[in-house]
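Enquirer: In case you want the letters, here they are:
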Amino acid sequence: MVPLSAYVAVSAILFITGLLGVVIRRNFIIVLMSVEIMLNAANINLVAFSHYLESMAGQMVALFIIAIAAGEAAVGLAIIIVVFRGKISTNVDEMNLLKW
Amino acid sequence: MVLVFFAYFALASIAAGVMTVSLKHPVHCGLALLALLLHVSGLFILLNAEFLWAVQVIVYAGAILVLYLFVLMLMNLKTDDRYFHSSYLYFLVPAAIGSLYVLALLIRSPYGGEKGDATSEAILKNGDTHAVGIKMFSEYLLQFEIVGVFLLGAVIGAIVLAKTPRPASPERKT
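Heads up: the sequence lines are chains A and B, in that order. Counting in the working numbering, the final residue of the first sequence is number 100, and the numbers go up one at a time with none missing. Counting in the working numbering, the final residue of the second sequence is number 174, and the numbers go up one at a time with none missing.
The hints are simulated quantities; they were obtained by calculation from the structure and are not laboratory data. Using N, Cα and C, we set each Cβ at its ideal position, and we do this for glycine too. One or more of the hints may lead you astray.
Stated by the list, open to error - Example chain A residues on the side facing chain B (calculated, C-beta under 10 Å, incomplete):
#, residue
1, Leu20
2, Ser50
3, Tyr52
4, Gly58
5, Ala73
6, Arg85
7, Asn96
For reference, chain B alone in the conformation it holds in the complex (with noise of 0.2 Å):
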């Protein structure tokens, strides 16, 4: 049942990538990376990981994603014909070969490592949340603050970029 749940959450998933790097609308790409996102939230319930499924859902499809589509819809962009580079081409064929390669020294190396403590049977005692937080407040606390100044610097770079600038003052220009 895993295996067809992680069959269909794969191959959709990858489907929706293609899509979005392949379309030729952008606004059907922003809706193929929604696709993917959800998908992808998907892979991550198979892996016990729900609090990651819903701040997917939430952060990714609920907000960067509607983001995107907000500055496509403000732009009005008319698409081009040719909507790829010239030498595209090019990229294609040594692209494959290189995918091909990686793909099967990936699946040929054995992974393994030290185990940790967090096992399913503890995870799934309290829940992933219970486990997460606990991990996120005592451990990475240092790194959690570093993303919450980093985000509060990114929030205020982009208002000082998109803001309108006012025109330059008289004595300023040469």
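With the rest of the complex left out, here is chain A (with noise of 0.2 Å):
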């Protein structure tokens, strides 16, 4: 039997990884993916907590939390497109005006 906190130590590490993945890199399209890292790590941590605490409102949430996360790649990568069709460059240090 799997203790729980091996599962919560998994999920802290992947969203710690996810943060500094936001914090450190350049490229927009890398940061949403840390984005999606750090979602998948509360996936994980909700669905550890639903099977061990025995009941099904982790679960639940972890469905909602993909949803949202369908809903947030869209319009990002959306943005992100108008973004690359401005200026050419993706990288988010560059970016400093919302309107040219």
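Two independent chains are provided; combine them into the complex using the hints.
Expert: The structure is reproduced here in structure tokens:
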């Protein structure tokens, strides 16, 4: 039987990895991928607690998180396309205008 | 046996996560993210959540990741030599210290709480999909509808954002 804290540790390590990716990467698309890593870490946590506390609520919230991740990816990638069309750069430290 | 599978899925997903953050080329990062998603879905199987496993494989690996790869290939990015922020080394040491502290706290703390009614036997009798469906369409119906409206808004917003803009009409130019 795998202890619950092992799942929590895995999810914490993944979350910190994703957070570091958001902070240190320059490419906007990789930043969005790091956000997906963080959402997955949260999903692991929710499903693990749902299993060990014998309640379905965690799995429900994990499903909603997956749906919201899909919406976030669609809108985020559309924003990247708009920015790329105007400026030919997708590095986050070179985007400093809301309108040009 | 479960322990072996857990160790494999956990270590592989952590390794894939680190590769996603640290690889240079964006397409390689996307493929590492694919490995991460599939191994996380393996963790869901170990936790008796096979419906979430299917959703993870179909929606995440099948739809979201393909969207990422499409956008990557559409933009034909050239990777810069400097693909981290210039001051990323300043973040690494505090992040390592902070994450070790959080990990120590998480592993040492006791977990407990009020147990619900969805025991493993009850789920395994009819399957996880049955349990999720019953719960989703009784207690969580309002949230389900809200997520549906949210997805519709996201789709329309993405189309509106990514559409090629019409050239501005001459009288609006000042």
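Enquirer: Against this structure, judge whether each hint is valid.
Expert: Checked hints:
no.	hint	verdict
1	Leu20	6 Å, holds
2	Ser50	7 Å, holds
3	Tyr52	7 Å, holds
4	Gly58	9 Å, holds
5	Ala73	5 Å, holds
6	Arg85	8 Å, holds
7	Asn96	14 Å, violated
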